[in-house]
Amino acid sequence: MIDRRDDSDIEIERRFVPKAKDINEDIAWAQINKDVLRSMERPRPMYWVIFAASLALFGFGVFCEVYQYQTGLGVADLNNPQVWGLYIATFIFWIGMSHSGTLLSAILHIMHADWRKPIYRFAEAMTTFSLMTAGLFVLVHLGRVWQFYYVVAYPNERWTWPNFNSPLVWDATAIGTYLTSSIVFLYFGMIPDLAICRDTATGFRRKFYWFLSLGWQGTDRQWANFRVAYLTIACFLIPLAVSVHSIVATDFAVSQQPGWHITSFPPYFVAGALYSGCAAIITLFIILRYVFRFEEYMTMPILDKTCRLTFAIAMVWTYLNLIEYASVWYGNDVYAKETLIYRATGLYAPYWWAMNFLGSVVPFMLAFKSMRNNLTIMMVVSLLLNMGMWLERFMIISPTFAHGYYPWTWTSGWWPSWVQWGIVLGSFGWFSMLFMLFCKIFPTVSMYEVKEMVYHRSEARKARNL
Amino acid sequence: MSKVHTMALFNDFEEAGNALQELKDSNLAGFRMQDVTIKSPIEHPELSALLGPRPVYVQLFTLFGAVFGAITGFTLIASAQANFLLQIRGGRPVVPIPPNMVLTYELFILCGVLMTALGCFIGWKLPGNRSPLYNERVSEDKIAILVKADSAAITAINAIFTRHRSLEIMGEYD
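Keeping their order, the protein sequence lines are chains G and C.
Residue numbers for the first sequence follow this note's numbering, beginning at 1 and rising by one.
Residue numbers for the second sequence follow this note's numbering, beginning at 467 and rising by one.
In short, the hints are calculated from the structure, not lab data.
This one's a predicted model, so the numbers in the text were calculated from it and none came from an experiment.
Heads up, the beta-carbon is just placed ideally off N, CA and C, and yes, glycines get one too.
Mixed in with the good hints, there may be bad ones.
Said to hold, decoys possible - Derived CB-CB ranges, DEER-like:
no., chain 1, residue 1, chain 2, residue 2, range
1, G, I238, C, R520, 22 to 32 Å
2, C, I588, G, H112, 43 to 53 Å
3, G, E25, C, R520, 24 to 34 Å
4, G, R42, C, V561, 53 to 63 Å
5, G, W48, C, G518, 50 to 60 Å
6, G, T180, C, G557, 33 to 43 Å
7, C, I588, G, T180, 55 to 65 Å
When you get a sec, could you build the whole thing from the sequences and use the hints?
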């Protein structure tokens with residue numbers, strides 16, 4: 001066989017074949033179990049600092065909610081036209097945050113991108129807890145929390161069903177479906193690891209993992225069924241995740257409000273959701289890597305890939321944002337154009353410009369390798385990106401209400417009360433608290449998939465060396 | 467003759483594969499490849515292929531769930547819409563297709579996912595089916611071969627395991 005590789009091929013390979021490995025291929029399987037299980041037993045003290053801070057924030061949120069519940073929605077400073085305030089803006093933020101975990105995990109699973117394996121578990125957990133947090137805001141903004149079941153599709157005592165043509169009914173169903181499917185996907189992917197926990201735990205924890213691992217013994221029949229089921233659920237989740245945020249977008253897009261009645265809203269929402277989810281994955285990646293001593297598994301090359309993916313999605317979001325501005329600016333809808341001008345020059349202008357800066361300019365820092373290799377910078381950037389995405393949701397809700405068709409709304413300059421801010425902060429505490437609890441009870445790195453990753457890569461290396 | 471179980475632990479897939487291949491070629495009386503089970507910390511399709519075809523029926527459950535979900539979803543919504551005594555629709559259809567597709571689609575996925583999970587659990591024969599022999603080192607890094615065979619064949623099977631450097635042999639012998 002003649003070797004046809006010339007110098008240019010070798011040069012291309014030298015430049016483009018990554019040298020840094022996603023994971024150490026020589027790590028022993030038993031060591032993987034040991035490292036991950038140890039992380040659950042003995043995290044760094046920072047774990048307890050984060051957990052205590054989350055608990056404090058959550059406690060403050062509960063206090064605000066109880067105060068609002070007992071005093072009335074008036075303390076939230078909601079009024080007409082500002083009927084949704086931060087509650088629905090933050091609801092959309094959390095729904096968006098939920099997107100990257102399960103969606104990216106499913107896409108990367110189908111594409112056999114094995115670098116997802118050490119990080120997908122916490123990303124999926126992030127999805128589940130984000131959805132649970134988003135659900136809270138539906139209840140909070142109702143005011144009359146005890147009537148929450150009004151949002152669910154069921155017939156009332158007169159046997160009259162809700163309006164199935166309403167996007168709000170679609171919303172409740174889509175989010176319910178997404179939450180259920182995400183929990184199934186998360187749990188399903190965790191069963192072999194729960195069996196590992198069962199085999200090493202003692203006392204009550206052993207019984208707990210024994211129950212959850214459903215008798216998993218890693219038999220060939222179990223693996224075969226598991227693989228097919230896991231792949232099938234992943235295939236279902238991709239269109240589901242897209243549909244959920246498209247449906248949230250239609251809550252706005254099918255209305256006649258200026259600034260909302262825009263055709264590109266569904267893809268814009270989906271891109272924004274992926275964007276904020278990816279930024280959150282970077283934040284949690286850095287936190288978990290330090291707190292649980294996962295330096296061996298949550299490696300810099302994997303962070304690098306995640307950052308590049310986030311940059312690509314940020315550019316998609318920026319493009320769709322510009323499309324929205326352009327279609328409003330050059331369109332014939334004077335009211336929508338007025339609302340756009342109001343966003344850029346009115347009461348909310350600093351936040352609108354901050355959103356554009358944080359969402360479209362800051363991500364360019366992800367384009368530089370030297371930045372991507374610096375954990376502190378990446379932590380700050382990921383937080384800024386999510387701040388930008390939260391502002392995006394705020395900018396969708398409040399300026400539109402403040403500059404609607406009716407001139408009397410134009411003087412309704414509005415700023416949320418401390419109660420609203422408290423509940424929003426409380427939601428971050430609630431999310432962090434659940435997430436940190438999850439990380440302490442369940443393995444956040446998929447042990448069996450990291451073993452697969454190590455095995456296949458070392459086999460490939462052996463084949464190359466032959 | 468009574469059937470008993472024996473299980474051997476191996477260090478890696480290669481040794482387990484060699485032992486399986488010899489078992490397959492041995493034509494021992496009182497032993498069938500259908501009664502062999504591999505237990506491993508990760509899936510190894512090449513090793514499982516030595517056991518012969520073992521069909522998976524999860525997709526049938528998925529298909530049933532997805533079709534059931536779509537039909538149920540649309541029927542539920544359409545029947546609820548048609549159930550109103552007064553249909554003041556201003557010329558619009560009583561059962562509009564495009565908006566109903568949204569919930570039909572969601573139920574299609576929900577039932578598909580739930581039935582897939584159920585199908586997988588049934589495929590595992592849960593909750594009753596627990597393999598009689600298990601070693602916790604399987605969940606760490608070892609590969610186990612579990613065989614159910616006539617008690618007369620067990621000695622020969624264990625000899626094959628020993629030849630292929632099994633680390634430990636566990637038995638369920640009378």
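Hint-by-hint comparison with the structure:
As the Cβ distance of I238 (chain G) to R520 (chain C) is approximately 28 Å, the hint placing it in 22 to 32 Å holds. I588 (chain C) and H112 (chain G) have their C-beta atoms about 27 Å apart, which leaves the hinted 43 to 53 Å range violated. A hinted range of 24 to 34 Å holds for the C-beta pair E25 (chain G) and R520 (chain C), which are about 30 Å apart. At roughly 60 Å, the beta carbons of R42 (chain G) and V561 (chain C) sit within the given window of 53 to 63 Å.
At roughly 53 Å, the beta carbons of W48 (chain G) and G518 (chain C) sit within the given window of 50 to 60 Å. Taking the beta carbon of each, T180 (chain G) and G557 (chain C) are about 37 Å apart, inside 33 to 43 Å as hinted. Taking the beta carbon of each, I588 (chain C) and T180 (chain G) are about 19 Å apart, not inside 55 to 65 Å as hinted.
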